[in-house]
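So the protein sequences, as listed, match chains A and B.
Using numbering that gives the first Met the number 0, you'd call the opening residue of the first sequence number 0 and step up by one each time.
Using numbering that gives the first Met the number 0, you'd call the opening residue of the second sequence number 0 and step up by one each time.
Keep in mind that the hints were calculated from the coordinates and are not lab data.
Take these hints with a grain of salt, some might be off.
Pairwise CB distance ranges, derived in the manner of DEER restraints [to be verified]:
#1 B:58 / A:25: 23 to 29 angstroms
#2 A:206 / B:41: 28 to 34 angstroms
#3 A:86 / B:31: 19 to 25 angstroms
#4 B:53 / A:40: 41 to 47 angstroms
#5 B:201 / A:86: 29 to 35 angstroms
For clarity, every value in this text was computed on a predicted model and none was experimentally measured.
Beta carbons: idealized from backbone N, C-alpha and C, even for Gly.
What follows is each chain in one-letter form.
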Amino acid sequence: MWSSLQRWWGVILILVAVSATVWLGATQQLVLYIHPRYVVFTVVMAALALVMGVLSLAIRPANTEEAVAPRGWSRVVGGVALLLSGAIALTLVIVPPTTLSSATASQRDIVGSTVGSDSQNVDEVANADDELIASFTVVDWSSLLRQTSDPNFYSNKTADVVGFITASEDDPANIFYLSRFTVTCCAVDAQPTGVAVYAPDWANEFDVDAWVEITGSFEINPSSRSDLALVLVPETMTVVERPSEPYLY
Amino acid sequence: MSTTLPASVDDHHHQHDHRPRRSRNRWLWLAIGTIGVAAIFALRAFTGELESVGVPGLTADLLTLATSVIIESLPFVVLGILLSIVVQTWLPDDLLMRYLPQRPVLRRAAISLFGIALPVCECGNVPLARGLILKGFSVPESMTFLLAAPIINPITIVTTHQAFGFDDGILVGRILGGLAIANIVGWLFSLHPQPNAMLTGRFAQQCAVGSHGPRQSRTEKSLDIFMRESSVLMPAVFIGSLIAGAIQVAVPRDVLVSLGSNPLWSILAMMALAFVISVCSSVDAFFILPFASTFMPGSIVTFLVFGPIIDIKMLAIMRTTFTAKVLLQLSLVVALMSACIGLVINYVV
Numbered sequence: 000m001w002s003s004l005q006r007w008w009g010v011i012l013i014l015v016a017v018s019a020t021v022w023l024g025a026t027q028q029l030v031l032y033i034h035p036r037y038v039v040f041t042v043v044m045a046a047l048a049l050v051m052g053v054l055s056l057a058i059r060p061a062n063t064e065e066a067v068a069p070r071g072w073s074r075v076v077g078g079v080a081l082l083l084s085g086a087i088a089l090t091l092v093i094v095p096p097t098t099l100s101s102a103t104a105s106q107r108d109i110v111g112s113t114v115g116s117d118s119q120n121v122d123e124v125a126n127a128d129d130e131l132i133a134s135f136t137v138v139d140w141s142s143l144l145r146q147t148s149d150p151n152f153y154s155n156k157t158a159d160v161v162g163f164i165t166a167s168e169d170d171p172a173n174i175f176y177l178s179r180f181t182v183t184c185c186a187v188d189a190q191p192t193g194v195a196v197y198a199p200d201w202a203n204e205f206d207v208d209a210w211v212e213i214t215g216s217f218e219i220n221p222s223s224r225s226d227l228a229l230v231l232v233p234e235t236m237t238v239v240e241r242p243s244e245p246y247l248y
Numbered sequence: 000m001s002t003t004l005p006a007s008v009d010d011h012h013h014q015h016d017h018r019p020r021r022s023r024n025r026w027l028w029l030a031i032g033t034i035g036v037a038a039i040f041a042l043r044a045f046t047g048e049l050e051s052v053g054v055p056g057l058t059a060d061l062l063t064l065a066t067s068v069i070i071e072s073l074p075f076v077v078l079g080i081l082l083s084i085v086v087q088t089w090l091p092d093d094l095l096m097r098y099l100p101q102r103p104v105l106r107r108a109a110i111s112l113f114g115i116a117l118p119v120c121e122c123g124n125v126p127l128a129r130g131l132i133l134k135g136f137s138v139p140e141s142m143t144f145l146l147a148a149p150i151i152n153p154i155t156i157v158t159t160h161q162a163f164g165f166d167d168g169i170l171v172g173r174i175l176g177g178l179a180i181a182n183i184v185g186w187l188f189s190l191h192p193q194p195n196a197m198l199t200g201r202f203a204q205q206c207a208v209g210s211h212g213p214r215q216s217r218t219e220k221s222l223d224i225f226m227r228e229s230s231v232l233m234p235a236v237f238i239g240s241l242i243a244g245a246i247q248v249a250v251p252r253d254v255l256v257s258l259g260s261n262p263l264w265s266i267l268a269m270m271a272l273a274f275v276i277s278v279c280s281s282v283d284a285f286f287i288l289p290f291a292s293t294f295m296p297g298s299i300v301t302f303l304v305f306g307p308i309i310d311i312k313m314l315a316i317m318r319t320t321f322t323a324k325v326l327l328q329l330s331l332v333v334a335l336m337s338a339c340i341g342l343v344i345n346y347v348v
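Pulled out of the complex, with its shape left as it was, chain B reads as follows:
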């Protein structure tokens, strides 16, 4: 990578040629960054040896839970940002568009299947969906992708199969249910008269600037996207994880579990659990596995369909892109539909 550092061939937008100063600056900032990271490591190595810093039991557990959510979702966030960079920078502009059907319904159906090729869970999907909007997808189309991809991505399918096999229609119910919800929600939002009004001001502005910003080399553009996406997503991941940890400490788990055997209540309890715990779709099958004997199969499917789309962390992350009103409508529609899917399975199986 170091050979590409000083290369700023595309700096034509600068009125004067600052190349020598700029490249010296780059080495300076590379040094600052490296020293900064080394300092973090040194501090961590020092504090890691301490016995305790006097945090009492429940607060310590809150931090452990929040840290656990952060560490569990971080690799998927990074993967999502990297894939978003690939889609926006390294793929030809019309590659995805070229083969898509023209009719909106078929088009969304095709988009909802994209996820099969993309191993990202929901938090990684948000940067990817943002990338798709910047690339020219309509808002409802990218929303279809956003809802379907975490459920039908290959990692999710494999882990769900590892956890449940084909028992009780849980795997099939999850995949079909997720696709149905994504397509129906995409259709509902396509009825919106002004799709761009669903986006937050900051992101809509970014879309408007997007294509005719200053020219950058591909490396610069990639790092630019990395910087942008992490500045949007990371505070949301952190705060969402903290809230999720706090609620878990505050609400006793057995309150939810005691509702497990009633067909209706167990579905509502599962949705509440999915909303609170906020783990990624790629691993949530293992999360729910210990509860499989307590809850009915349809309620497990509800958990596995609702959780990837709507939870505390996800709402915080999606708020970076969509307005609060859209998220409220989305939550209601998805909650109703996943509850229906669960009820059908509870009564049929």
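Chain A on its own, in the form it takes in the complex:
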């Protein structure tokens, strides 16, 4: 029993993992974990492994190894590895797919983030039309804010941005960061970026990690507890569904 479980454990694990992968691919949620450029390759290899796994169960190759019953410590280690990998496999099919949360955003230093610092250039944006400005993401705005904090530059520009809420450390009651993760490879390298939003007592209406859409303009920071020069002051602020591609690339 022990030896045939060990023999087949890998096939079971790989079947669970690739089934989960294929399902994520079919429901278009693979982008929660990897950059879109790897999606096709990942799904093709997963499908191949799925076929090989089921066929190897069916053919059940003759056991060519003399089974050595593990003893003592190696049995314990083997057992722990089996349980632990089984538990991870279980989470792959039980836990609903999700994005990284604000906990990781603040741990990865949202304020000092330099992601996409060259995504927009102040000189080019100065006279941009409204249509272009409406398409700016939080990454574009935070890149501009890093280049200039001159209020006049922002005076006639309305931001329309979507992101999730990460609480500010300086003035958590009145300021939060509207944040997005930027991904270049997979969720492992996700870098948080965000713009500070001034909304007194936001926590009464909105939860941390909630996805919201905000229209508004950048103004001089009214908060005395935070040393940011400019903050986004919302005109409208509505809770929205998580976008189907929550990460930016």
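Position chain B against the provided structure of chain A, taking the given hints into account.
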């Protein structure tokens, strides 16, 4: 494939002919496997609709990160197993051996270039390297292959070029550095008096049985290898990914990044980062791209040379094949050499 299912022509090792029962069994197990997979899909489709299962923020992020490492490396693991099957089962025995030079140094140099034709990253390389040992390569030779191939494989070169172009000698430094490390480590380990003592007991035993096991058809042998390799590799991939995810949640990223601008510290920080994040060599260039402005070029090269060879997930996977002592020596040698390469580039460029 279904036509090959009942064919068990090579079952001569059985004393009695069980063919009818065996083939009925096969259809039974095919059904069990299919139903099992369908059940997984059904469960996943059901749980996928749930809002949440009450996992708090950081734990949920840990699972997301671990899942991300698993999903990112899984296709390369599968590709590695498939190539290992091709090498062990479908290529003529002496094809690879025939053209290799006889002198050990040249031989290892030639082997370190194999990777150019094999689009596998490090986790896929382990099954392939195991296949090469079973095929008759010496342990140091297959180790040379194992270290060089993830760095000079075509996907890695293309993605590194996409990410960095020829700027700052990053691409060239990565390729030459990887080849140098692989050859020097191969030479060092070839001085070992008993190469087979570097292998774990289980794998050494498999090598000993390898060639004179019972006869199987090629399909059976292929699926046998698939079953074996996945049972060895998958627990290692899973556990390695979980540990990598846990450390990322525990260690703030800015601790590493704040060390970025010092020539020496930034190299050590990069090695620590590469060790922890455990992404595959085929995609790590994109991983490190956002840090390119923070870190010095030599430190990026160190990341790109050290990461493919030594990281948490990779150590877990390599432990299936090599003893802990060998892995410790390997880690030290590779760390020292990649740090040297990085320092040279930091001070020269």
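Cross-check of the supplied hints:
Our hint of 23 to 29 angstroms for residue 58 (chain B) and residue 25 (chain A) holds, since their Cβ atoms are close to 27 angstroms apart. Evaluation of the 28 to 34 angstroms hint for residue 206 (chain A) and residue 41 (chain B) yields a pass: the beta carbon distance comes to about 32 angstroms. Taken as a hint, the range 19 to 25 angstroms holds for the pair residue 86 (chain A) and residue 31 (chain B), whose Cβ atoms sit roughly 23 angstroms apart. The supplied range of 41 to 47 angstroms is broken by residue 53 (chain B) and residue 40 (chain A), whose beta-carbon atoms lie about 34 angstroms from each other.
Roughly 23 angstroms separates the CB atoms of residue 201 (chain B) and residue 86 (chain A), a value that falls outside the hinted 29 to 35 angstroms.
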